[in-house]
Amino acid sequence: MKNGGRALKGSNGFKTVREQVVERLRARVMAGEYEPGVALREVELAEQFGVSRGPVRDALLQLSNEGLLVYRANSGVRVGEPPSDGTRGLIVRLRRELEVYAIREGWDQFTDEDRQVWGEALGQLRLACELGDVGGIVEADVRAHQAILESTRVDGLLGIWKQMCAGMRFVYTRLADHMQIYEEHRVIVDAYDGGDLEGMVKAIEDNIV
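For the sequence shown, position 138 matches number 138 in my numbering, and the numbering has no gaps at all.
These are computed hints drawn from the structure, not numbers from a lab.
Quick caveat, the model's predicted, so the values are computed rather than measured.
Ideal Cβ placement from N, Cα and C applies to all residues, glycine included.
It is possible that some hints are incorrect.
Unchecked claim - Using C-beta positions, here's what the derived DEER-type ranges look like: (1) Glu44 x Pro82: 33 to 41 Å; (2) Arg169 x Gly76: 15 to 23 Å; (3) Ser84 x Ile160: 19 to 27 Å; (4) Arg18 x Asp206: 32 to 40 Å; (5) Lys202 x Val70: 35 to 43 Å; (6) Asp190 x Tyr71: 23 to 31 Å; (7) Leu127 x Val70: 29 to 37 Å; (8) Gly194 x Gly76: 21 to 29 Å; (9) Phe14 x Phe170: 24 to 32 Å; (10) Ser75 x Val187: 42 to 50 Å.
Based on the sequences and whatever the hints tell you, model everything.
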């Protein structure tokens, strides 16, 4: 990819162009860069991301299946409405429960390679926070949590988790500055490094709001 796109290395190796477009578009929507109901055009997005229309079309389909975008006959793909306060609160509680369950289940199976991937994700989050790039912060935030979920190797959880994230909009207004977002995630990894399972669980619970 060009125009800001790049090969991203995750737990399964370098991500494809389609995966990169999905992540970046998901982050933009979740960061509130598009108004609810606005139409997303393949041609415009392909130009912005510096890719062909194929990966964009695939990304729009995937995010529509996740519920983040909505397909409407005769009007194409549009940004979905954010959840109500009550629905979002429910999603937050369920997401906390899922991530805590995953960490407890995976605790004895985490490897040095897993920790390396977490560190790379944390580094990407720190850079986005230093730059004040909200879309990049959301993308890196999601990637940091996803890296931990993938390391648990619990079948089926990742798909459920993605659906939950699609039902949220990330809100950082409770924080005084963007670097606090990085610090919250650093505490999660520091707890693991210290062999503190309960500390890692608490850090996850405190971060998901």
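- Contradicted hints - numbers only: 1, 6, 8
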